[in-house]
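Asks: Take a look at the letters that make up each chain.
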Amino acid sequence: MEYLINISYIVASVLFIFGIKMLGSADTARKGNSISALGMLLAVVVTLLESGLSYTWIIAGLIIGSAIGVVAAKRVQMTGMPELVALFNGFGGLASLLVGWAEFAKAGNFDDSEYPVFTGCAVVFAILVGGITFTGSLIAYLKLSGKMGGSATNFPGQKIINLLLFIALLVVGGVFVATNAAWALYLVIALSLALGVLGVIPIGGGDMPVVISFLNSFSGIAASAAGFVILNNVLIVAGCLVGASGIILTVIMCKAMNRTLGNVLFGSFGATGGKAQEVEGEMKALSTEDAYYILESAESVIFVPGYGMAVAQAQHAVKELGQILENNGAEVRYAIHPVAGRMPGHMNVLLAEADVPYEQLCEMDDVNAIMESVDVAIVIGANDVVNPAAGEDESSPIYGMPIINVHQAKTVFALKRGQGAGFSGLVNTLFFRENTRMIYGDAKATMNDLVGQFKD
Amino acid sequence: MELILLIFVFVMAAFLGFELIQRVPSQLHTPLMSGSNAISGITMVGAILAAGAIESELGKWLGLAALILATINVVGGYLVTDRMLGMFKKKGK
Numbered sequence: 001m002e003y004l005i006n007i008s009y010i011v012a013s014v015l016f017i018f019g020i021k022m023l024g025s026a027d028t029a030r031k032g033n034s035i036s037a038l039g040m041l042l043a044v045v046v047t048l049l050e051s052g053l054s055y056t057w058i059i060a061g062l063i064i065g066s067a068i069g070v071v072a073a074k075r076v077q078m079t080g081m082p083e084l085v086a087l088f089n090g091f092g093g094l095a096s097l098l099v100g101w102a103e104f105a106k107a108g109n110f111d112d113s114e115y116p117v118f119t120g121c122a123v124v125f126a127i128l129v130g131g132i133t134f135t136g137s138l139i140a141y142l143k144l145s146g147k148m149g150g151s152a153t154n155f156p157g158q159k160i161i162n163l164l165l166f167i168a169l170l171v172v173g174g175v176f177v178a179t180n181a182a183w184a185l186y187l188v189i190a191l192s193l194a195l196g197v198l199g200v201i202p203i204g205g206g207d208m209p210v211v212i213s214f215l216n217s218f219s220g221i222a223a224s225a226a227g228f229v230i231l232n233n234v235l236i237v238a239g240c241l242v243g244a245s246g247i248i249l250t251v252i253m254c255k256a257m258n259r260t261l262g263n264v265l266f267g268s269f270g271a272t273g274g275k276a277q278e279v280e281g282e283m284k285a286l287s288t289e290d291a292y293y294i295l296e297s298a299e300s301v302i303f304v305p306g307y308g309m310a311v312a313q314a315q316h317a318v319k320e321l322g323q324i325l326e327n328n329g330a331e332v333r334y335a336i337h338p339v340a341g342r343m344p345g346h347m348n349v350l351l352a353e354a355d356v357p358y359e360q361l362c363e364m365d366d367v368n369a370i371m372e373s374v375d376v377a378i379v380i381g382a383n384d385v386v387n388p389a390a391g392e393d394e395s396s397p398i399y400g401m402p403i404i405n406v407h408q409a410k411t412v413f414a415l416k417r418g419q420g421a422g423f424s425g426l427v428n429t430l431f432f433r434e435n436t437r438m439i440y441g442d443a444k445a446t447m448n449d450l451v452g453q454f455k456d
Numbered sequence: 001m002e003l004i005l006l007i008f009v010f011v012m013a014a015f016l017g018f019e020l021i022q023r024v025p026s027q028l029h030t031p032l033m034s035g036s037n038a039i040s041g042i043t044m045v046g047a048i049l050a051a052g053a054i055e056s057e058l059g060k061w062l063g064l065a066a067l068i069l070a071t072i073n074v075v076g077g078y079l080v081t082d083r084m085l086g087m088f089k090k091k092g093k
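So the protein lines, in turn, are chains A and B. Numbering (our numbering) for the first sequence: 1 to 456. Numbering (our numbering) for the second sequence: 1 to 93.
For the record, the hints were derived by calculation from the structure and aren't laboratory data. Computed from a prediction, not measured in an experiment: that's the story for all the values here. Some hints could be false.
Said to hold, decoys possible - Each pair of labels, with its calculated beta carbon distance range:
id, chain 1, residue 1, chain 2, residue 2, range
1, B, Leu3, A, Gly80, 36 to 46 Å
2, A, Leu4, B, Ile7, 40 to 50 Å
3, B, Leu3, A, Asp393, 49 to 59 Å
4, B, Ile54, A, Asn263, 27 to 37 Å
5, A, Met1, B, Ile7, 24 to 34 Å
6, A, Leu4, B, Phe15, 23 to 33 Å
7, B, Ile7, A, Phe155, 37 to 47 Å
Using N, Cα and C, we set each Cβ at its ideal position, and we do this for glycine too.
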């Protein structure tokens, strides 16, 4: 039986590897996800064959967890996806923490273990990484769902405090490994949870995608550490795969924003944006009626969606307008910035939900090349990803980030709820440009209004 | 000896993980993240072993909590990823 279990674990690991590989390519992604789910099912089923288990609690846990998971996954709006992934990720981290703790709780020491010191270290590590993942993801969830302000929270001596906390963690962890004292373990748990909170609050909401990806990698490492606690190879392999591939994905995302990971995590982005920037010119408002006349004669239109489209649930209305414009003879494209929205690919998911034709979705570079020939660029609740300051103002915190150069289009419509700054807290100079017209109001209402004008 | 073997496996898995992801189109970043997030719910296996153990009352409770959380992570993670990717599929025809 022991052999069967271990061989099945190897098969499961192979399925995970194929799954991750296939998730990286558009044609095979869905199949890849199913394959990795199959691997998980196999790993879980054979684990149940392990001898000496009492099933009451296992069955209860499986039923409760599955029910909650199914309901959450079915009910979530596509716009709320980033928060949900953050939340799931946090749960995974906490689970690894609890697995480490439970192993200690069995006997209250590791004297029976083959490698008492190593197991102690692994428990501390699983709790450390799992705890940071849990509270860090929770803060990311709160920031993304708007339950907590998106801007960076800073206070003096923050980095020093974090560093001291970390050192204290290592010391207390060392004490625990040496003495197996329960109080030391509880302190490690408390400090890890605190570190997760303090580590993520100074990071601005705009960087949350990177943070989630990074914490996703962390939850993999936590699972791997839990694997070392109970000496289980499938945990070690699968956790480590996620940990390593998650780091690579995080770096890819950072590159898309022209930043380094260190800069995202410790740069306190947005904290410097507090000082008022002086911008020449004024924001010029436009009514939807006037917008209609301009759009009616436009031959080439680009939509640039941002988080505002997600908030307003405007993707279907946007698609409808795009359809009408196309029937009207205009060439319609959708330009998607790699980090538009709260998660990379967020906008792709929403536009796909609204059935926007695949050919009309364009990557940033392709669109920028033809931007000067575009008659109207419609910015829907996007802000930082179209801020020309990224290319022009060296003092801007986002300087150097590649943007969609909508300011080069002949006319820019910026749909916006109010006059406030973006998620990062920066003033957007685009809105003050000569060729920019602001259309205030809810993006969905504005879109429906424009659609209505065309129909009349 | 078993420990060395496990560490060896860990290191190999790390290198494999680094190699697996290279050029991923940005539209797939979210599904990839949420899909690999579901895999990190593998800690569920550890949670099953903890919840089914009979050594201590506290350990069982902790195991149960871990199992519920990990199962949410796994089941929810896979379903949500599938839902997302299903939308891509539709438009690709």
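Asks: Compare the structure with each hint and give your call.
Replies: Checked hints:
Between leucine 3 of chain B and glycine 80 of chain A the C-beta distance comes to about 43 Å, which sits within the given range of 36 to 46 Å. The beta-carbon spacing between leucine 4 of chain A and isoleucine 7 of chain B, approximately 24 Å, falls outside the hinted interval of 40 to 50 Å. Between leucine 3 of chain B and aspartate 393 of chain A the Cβ separation comes to about 55 Å, which falls inside the hinted range of 49 to 59 Å. Distance hint for isoleucine 54 of chain B and asparagine 263 of chain A: a CB-CB separation of about 50 Å, inconsistent with the stated range 27 to 37 Å.
Separation of methionine 1 of chain A from isoleucine 7 of chain B is about 26 Å and conforms to the stated range, judged on CB atoms against 24 to 34 Å. Between leucine 4 of chain A and phenylalanine 15 of chain B the CB atoms are about 28 Å apart, so this pair conforms to the stated range of 23 to 33 Å. Hint check: isoleucine 7 of chain B to phenylalanine 155 of chain A, Cβ distance near 40 Å, so the stated range 37 to 47 Å holds.
Violation of the numbered hints given earlier is confined to hints 2, 4; the remaining hints are satisfied by the structure.
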